[in-house]
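Protein chains: 2
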Amino acid sequence: MGTINQLATDFTTFSKKIHAYNNATAVLYWDLRTKAPKKGMDARSEVISTLSTEAFKLSTSKQMEDYLQRLTEEQTYQQLDAVTQKLVEESKKEFDLNKKIPTERYQEYVLITNQAENLWEEAREKNDFALFRPYLEKIVNMKLEFIDYWGAKEDKYDTLLDQYEPGMTVKQLDQIFTLLRDKTVPLVHAINESNRRPNISFMEKHFAKADQAAFNQLVLKKIGFDFQSGRLDTSTHPFCIHFGSSDVRLTTRYDEQDFRYALWSSIHEAGHGMYEQNVNAAYNGLLLSNGTSMGVHESQSRFWENMVARSLPFWEHFYPDAQQAFPEQFAGVALEDFYRAANLVEPSFIRTESDELTYNLHIMVRYEIEKGLINQTIEVGELPQIWNKKMKEYLGVDVPSDDLGVLQDVHWSSGLMGYFPTYSLGNVYAAQFTHAMKKQLPNFDDLLRAGDFAPLNQWSREHIHQFGKMKSPQELLQDVTGEQVNASYLVDYLEKKYKDLYQL
Amino acid sequence: MGTINQLATDFTTFSKKIHAYNNATAVLYWDLRTKAPKKGMDARSEVISTLSTEAFKLSTSKQMEDYLQRLTEEQTYQQLDAVTQKLVEESKKEFDLNKKIPTERYQEYVLITNQAENLWEEAREKNDFALFRPYLEKIVNMKLEFIDYWGAKEDKYDTLLDQYEPGMTVKQLDQIFTLLRDKTVPLVHAINESNRRPNISFMEKHFAKADQAAFNQLVLKKIGFDFQSGRLDTSTHPFCIHFGSSDVRLTTRYDEQDFRYALWSSIHEAGHGMYEQNVNAAYNGLLLSNGTSMGVHESQSRFWENMVARSLPFWEHFYPDAQQAFPEQFAGVALEDFYRAANLVEPSFIRTESDELTYNLHIMVRYEIEKGLINQTIEVGELPQIWNKKMKEYLGVDVPSDDLGVLQDVHWSSGLMGYFPTYSLGNVYAAQFTHAMKKQLPNFDDLLRAGDFAPLNQWSREHIHQFGKMKSPQELLQDVTGEQVNASYLVDYLEKKYKDLYQL
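Protein chains in written order, with UniProt numbering: chain A, 1 to 504; chain B, 1 to 504.
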């Protein structure tokens with residue numbers, strides 16, 4: 001018994017060391033993106049590379065292999081406490097992911113994706129898919145090769161999905177997207193044809209950066225982001241990064257010509273951030289101190305960004321503050337008009353600029369293409385044509401050129417496949433969780449009207465956040481909502497909200 | 001030959017890895033002191049400890065020992081290029097310093113100094129030297145024991161001096177402080193008795209933090225601190241930290257009731273910072289990318305803080321800017337009066353609050369006591385009495401209590417002995433370097449008046465900064481000034497300046 005305890009302690013210490021390296025790397029990265037002086041960036045990248053290489057070496061070392069081998073022996077494993085069991089499980093998953101690929105093949109992959117990212121950038125600039133095509137073909141082929149090493153699941157694409165959303169399958173996603181397509185596409189088309197386009201001109205006046213920053217701080221504080229355990233800074237692209245639950249950093253970018261960008265992106269990132277701040281502090285320093293999956297993480301950011309901060313009751317509370325902060329810009333603008341402008345639906349070519357309703361359709365296009373590439377029913381050469389056809393069908397838009405179409409995202413060039421669906425899963429989970437939350441907080445809308453966000457936070461901490469990685473997405477969904485993933489809550493929410501807004 | 005080159009390359013790579021860890025640790029430390037949210041500090045300290053322990057392990061590892069053994073073999077060493085030779089030399093020095101002490105004794109020392117720091121804090125609060133005394137006795141005894149391990153030089157205290165100011169000896173310091181005592185003490189006494197105390201009331205009006213920050217940025221930019229390779233932030237205690245020459249971070253603290261604190265501390269730290277920014281970029285990533293000694297580093301901060309930024313020509317240039325930035329505070333205040341207020345001499349009990357002239361006398365008190373402790377001619381129990389006697393003799397002040405006397409500095413409790421003299425050496429070197437600079441830039445005062453600081457920076461880079469640790473302090477002094485350390489330049493400078501200011 002004593003030796004098993006000792007083994008568990010040694011392993012935890014070893015794991016904490018790796019985590020400390022990753023933690024340090026994250027601080028260096030945050031600093032690079034928010035504070036580092038211009039000329040210091042190159043040297044910084046080298047240091048980040050040294051540290052992350054070291055962490056990678058440790059997490060795939062002979063020492064790690066030995067620990068995992070001994071700790072996963074049935075008899076030993078059964079005697080471990082739940083936290084150590086989970087730590088072993090997650091470490092083993094990471095180890096297998098990295099070690100099953102022969103080193104030379106992995107190095108080849110790193111090389112190709114590096115080249116591909118550069119080529120993709122050039123291709124997008126020149127609006128020339130042919131430039132990028134051979135690299136994307138190589139990447140797809142390597143993904144297929146790697147899937148064989150990792151072990152193909154029922155669907156080959158499931159192997160990739162599992163890396164970002166553990167347990168997620170094509171079977172489930174097909175159901176989800178079928179429902180989304182059946183219910184959302186007609187809604188989008190109806191909105192396209194409606195003449196209820198809201199006035200958004202007051203959102204596009206001049207909003208001084210400092211005033212926006214102050215208003216964002218006010219909102220984030222009030223909804224429950226803890227500034228004693230976090231910060232809000234600026235960077236080119238908004239992100240959330242954390243170094244344990246007591247140090248969570250958000251960034252945003254202020255567009256002085258548009259009130260909407262910084263505010264909703266800050267709230268989005270704060271949703272990620274509050275998840276991290278609420279993870280049980282007992283997991284600090286362990287890789288369990290982290291949201292359980294990309295999809296569940298995204299559900300928390302989308303909950304705050306959309307279900308809360310794009311709702312009418314939320315603005316019943318905050319609109320007076322907004323009017324006080326920006327008296328000229330919002331003078332004479334009725335709450336109802338502000339609310340409608342905040343929920344403009346406008347099919348566009350670009351995913352990152354799209355609204356709550358059309359967003360999932362952008363993801364669906366990518367999902368269907370990725371699934372086809374990995375199951376070899378679609379060839380890379382056909383992509384521009386397929387992309388544009390699907391965009392027309394789902395969003396009703398004619399993509400004018402590949403740089404605004406199939407070349408718009410960096411993801412594929414850096415080898416990210418199976419990642420896009422987690423964005424939509426975030427929305428699906430968010431609606432499903434919100435449904436459960438409202439059952440226990442039937443006065444949800446009144447709380448928003450009163451600016452009393454503590455019960456929402458308390459509920460999220462208790463049912464979702466505190467567990468960190470201790471519960472899988474499936475366990476979490478089952479425990480919180482009593483069922484597995486179910487897109488009907490999202491569809492109901494979207495239909496109700498947008499039919500009402502556009503009087504359909 | 002090939003194998004020696006390979007060995008040198010491998011060693012450099014190994015050394016760079018250690019340096020990367022220390023670099024990362026420095027970023028984490030900077031973040032902790034300037035940006036980290038309150039509740040994130042504990043977890044951060046653990047990560048810093050993990051990384052610095054790892055760096056320490058590497059720099060004292062068997063692998064390091066093997067490298068050093070092979071590279072210091074006469075035949076091999078001679079074939080190395082100058083940079084690698086220096087790298088070997090510095091690494092060997094660090095290795096010996098850390099490895100000659102038996103591990104248990106070093107751990108005991110860490111334990112005792114940790115306890116001593118806490119006890120010192122309590123003793124200072126309670127104004128009770130007896131509380132601290134047994135710990136200081138233990139520390140002195142351990143220093144004596146360690147000196148035996150390291151190897152006693154001509155004077156035992158030389159061994160300690162060498163760790164902060166390589167090559168410095170009691171023999172040299174005795175000469176320096178004798179001259180300082182003979183020439184400065186009578187000057188201080190004369191000023192104490194003069195009735196020319198300048199008016200400083202306008203320095204103690206209200207200066208808004210943001211206005212001070214803007215003015216400091218303006219001054220720092222103009223004197224040549226490169227904000228593309230650096231930053232200025234706020235922290236409780238001002239410091240300068242760097243992660244290579246292209247990322248140098250300064251901090252200051254704004255006292256809204258005193259114009260002087262933030263400005264001159266910013267300029268002081270910028271002096272350190274410009275030294276680091278000017279080190280040859282070829283040494284980036286190596287431990288040679290660093291000022292050569294504490295004393296030479298301090299000479300650069302003191303040069304800018306005192307020789308430049310407390311001079312009349314400097315304020316002939318900047319006073320109009322200051323008046324524009326703070327029109328109410330400086331209304332009707334003549335340049336001459338501002339200059340006199342900036343150079344107030346006022347003997348005080350506290351070193352950190354002391355002026356340019358009396359500062360060295362505070363250091364002299366500490367030097368004489370440390371030397372006595374290490375040579376066992378002074379006992380710890382006698383310290384309060386000896387301290388107060390020396391303060392009376394040199395500065396003419398009656399120390400009212402030990403918390404304002406012998407208990408004021410943290411240094412001894414954390415085992416720093418041999419460090420204090422480098423502060424005065426900084427002033428000595430600064431005057432000596434300035435003398436040499438003025439020979440080559442005879443229009444020095446005109447340059448200040450014109451706000452043209454580039455020639456000063458250029459000279460400093462060419463003669464001092466660029467070499468980093470490649471030249472020892474002795475080599476540097478000899479090459480730049482044609483002689484070894486000589487305090488008469490400082491004494492001449494102080495006598496001329498303060499006799500003039502106080503009309504003596």
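A portion of the hints provided could be inaccurate.
Which copy is meant is left open, because identical chains are indistinguishable; a pair holds if it fits in one copy or across any two.
As the list claims (entries may be wrong) - Derived DSS-like pairs (lysine-lysine); straight-line CA-CA distance at most 30 angstroms: (1) Lys100 - Lys389; (2) Lys17 - Lys138; (3) Lys156 - Lys497; (4) Lys38 - Lys222; (5) Lys138 - Lys39; (6) Lys390 - Lys221; (7) Lys39 - Lys222; (8) Lys153 - Lys497; (9) Lys171 - Lys392; (10) Lys209 - Lys183; (11) Lys205 - Lys57; (12) Lys92 - Lys499; (13) Lys499 - Lys209; (14) Lys471 - Lys39; (15) Lys222 - Lys16; (16) Lys17 - Lys100; (17) Lys39 - Lys221.
I should point out that these hints are in silico values taken from the structure, not numbers from a laboratory.
Quick rundown of the hints versus the structure:
For the homomeric pair Lys100 and Lys389, neither the shortest alpha-carbon distance inside one copy (38 angstroms) nor that between copies (74 angstroms) is at most 30 angstroms. In this assembly of identical chains, the alpha carbons of Lys17 and Lys138 never lie at most 30 angstroms apart, being 36 angstroms within a copy and 34 angstroms across copies at closest. With identical chains, the CA atoms of Lys156 and Lys497 are never at most 30 angstroms apart, being 37 angstroms at best within one copy and 82 angstroms at best between copies. Proximity of Lys38 to Lys222 under the C-alpha cut-off of 30 angstroms is restricted to the inter-copy arrangement: shortest distance 19 angstroms between copies versus 34 angstroms within a copy.
Neither within a single protomer nor between protomers do Lys138 and Lys39 lie at most 30 angstroms apart by alpha-carbon distance, with minima of 35 angstroms and 47 angstroms respectively. Taking CA atoms no more than 30 angstroms apart as the test, Lys390 paired with Lys221 passes in neither setting, with 41 angstroms inside one copy and 55 angstroms between copies. When the C-alpha separation of Lys39 and Lys222 is checked against a cutoff of 30 angstroms, the pair qualifies only between copies, where the shortest distance is 19 angstroms, while the shortest distance within a copy is 38 angstroms. Taking the closest pair of Cα atoms, Lys153 and Lys497 never come within 30 angstroms of each other, the shortest separation being 38 angstroms inside a single copy and 83 angstroms across copies.
In this homomeric assembly, Lys171 and Lys392 come within 30 angstroms of each other (Cα to Cα) only inside a single copy, at 25 angstroms, whereas the closest approach across copies is 87 angstroms. For the homomeric pair Lys209 and Lys183, neither the shortest alpha-carbon distance inside one copy (39 angstroms) nor that between copies (57 angstroms) is at most 30 angstroms. Taking the shortest alpha-carbon separations for Lys205 and Lys57, neither the intra-copy value of 51 angstroms nor the inter-copy value of 58 angstroms comes in at or below 30 angstroms. In the homo-oligomer, the alpha carbons of Lys92 and Lys499 never lie at most 30 angstroms apart, since the shortest distance is 48 angstroms inside one protomer and 75 angstroms across protomers.
In the homo-oligomer, the alpha carbons of Lys499 and Lys209 never lie at most 30 angstroms apart, since the shortest distance is 35 angstroms inside one protomer and 52 angstroms across protomers. For a Cα distance limit of 30 angstroms, the shortest separation of Lys471 from Lys39 across copies, 26 angstroms, qualifies, whereas the shortest one inside one copy, 43 angstroms, does not. Taking the shortest alpha-carbon separations for Lys222 and Lys16, neither the intra-copy value of 34 angstroms nor the inter-copy value of 46 angstroms comes in at or below 30 angstroms. For the homomeric pair Lys17 and Lys100, the shortest alpha-carbon distances inside one copy (23 angstroms) and between copies (28 angstroms) are both at most 30 angstroms.
In this homomeric assembly, Lys39 and Lys221 come within 30 angstroms of each other (Cα to Cα) only across copies, at 16 angstroms, whereas the closest approach inside a single copy is 34 angstroms.
When the structure is compared with the earlier hints, violations turn up for hints 1, 2, 3, 5, 6, 8, 10, 11, 12, 13 and 15 and for no others.
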